[in-house]
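From first to last, the protein sequence lines stand for chains A and B.
By the numbering used here, the letter at position 206 of the first sequence is numbered 229, and the numbering carries on one by one without gaps.
By the numbering used here, the letter at position 111 of the second sequence is numbered 134, and the numbering carries on one by one without gaps.
Keep in mind the hints are simulated off the structure, nothing from the lab.
A portion of the hints provided could be inaccurate.
Heads up, the list lumps identical chains together, so a pair's fine if it works in one copy or across two of them.
Below are the DSBU-like pairs computed for lysine-lysine, each with C-alpha atoms no more than 35 angstroms apart in a straight line [claimed, not checked]:
1) 91 to 79
2) 161 to 241
3) 230 to 48
4) 230 to 197
2 protein chains.
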Amino acid sequence: MKNSSCLVVFSGGQDSTTCLHWAMKRFKDVQAIFFQYGQRHQKEECAAHLIADLNKIKLHTFPLDFFKHLGGNALVNSNIPIEANSQELPNTFVPGRNLLFLTCAASFAYNEGIQDLITGVCQTDYSGYPDCRENTIKSLNQTISLGLNKDFTIHTPLMHLNKAESVRLAVQLKAMDSLRHSHTCYEGVYPPCGNCPSCLLRAKGFKEAGIIDPLLPKVN
Amino acid sequence: MKNSSCLVVFSGGQDSTTCLHWAMKRFKDVQAIFFQYGQRHQKEECAAHLIADLNKIKLHTFPLDFFKHLGGNALVNSNIPIEANSQELPNTFVPGRNLLFLTCAASFAYNEGIQDLITGVCQTDYSGYPDCRENTIKSLNQTISLGLNKDFTIHTPLMHLNKAESVRLAVQLKAMDSLRHSHTCYEGVYPPCGNCPSCLLRAKGFKEAGIIDPLLPKVN
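Sequences are here, hints too, so could you generate the full structure?
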């Protein structure tokens, strides 16, 4: 595949940054797409631009404020405190977010003549989001191929990895310089808050992998 | 189903207006959703509001300007003249438009506790748009049910009708008062231009059904 083009759905976070490096090993022309969907803060977009620049990747940004108008969840409404509850869907659940991102990515890719899409969704640590699961993504792959009348492939390099395995993959892919600039914290602060579900999941993965997270400020 | 709720993807055009009346026969609570996706003119939205008001239907409007930013097609760029070419996809093809509309409709429906979606897509006169075909919609139905972890049903009352049969169905459903206010012309003019692919298709259907289009100004 090294001579073809691909499009990475890119958020500037840990997983999609690892995917960006995964793609750079496999495709000649790697492009990335970032959606401004009404995030609580600008940190994600700044991280995405910085990492794309660092790796000389063309980054396409698109406003997609549907979810902001839809409202009702903590990811796009900073008045709602972020809570994780193992008994039900977390209140950061944006219904259909990955479906919409991948559908829009496919529309853009269609116009650019790109048929390979890459996303960092992961079933192992899927945090209760049903559109991160493999059966959803396989079904969506078929849907966009039918709906655009073109054979798309959605690649999910992290689908069956846990966070520690993702960290080890990132090390193998020499993604640490990029991960130093990635953004994960739901609260949008630096240093990361360390308490939100997203920070806790990231810290757990690095700890289990026995790797120091390059994002964190050095002690001393 | 008469005691449940549904959501009609509504454009203010002939097909979705017929679907609105189809839904009113079958569901107790009918709601409609309209997407402002960067249409060439405001006529569609005005028609949607008028028809919804006439039928006492709650209409939800959402900005969805992704396609405007995507660009490159005649439906959202009034600098590109509309052309139909039977040899290839028409230049009004917005890649993935129906996929995106139905995915967004499902996200909204999810939050409202609605599981029945209705769309006017039609395979018979599908005008070269692959996301109007039944296999695409069936696949999408499965994708949104998996991705939102809820059993959705996408109803497509017009899927296998030709335009004349759709007109006859509209007559049966007593939709003529609504169709008088519907908007079809790509050029956004009233009286309709009569020459764009959309006007020609509508006129053909009414002619074959032997019905006078209530939209047209009365002679005398």
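We went through each hint and held it up to the structure:
1. 91 to 79: both (31 angstroms within a copy, 27 angstroms between copies)
2. 161 to 241: So residue 161 and residue 241 fail the 35 angstroms test inside a copy (41 angstroms) and across (53 angstroms) alike.
3. 230 to 48: within (26 angstroms within a copy, 59 angstroms between copies)
4. 230 to 197: within (18 angstroms within a copy, 66 angstroms between copies)
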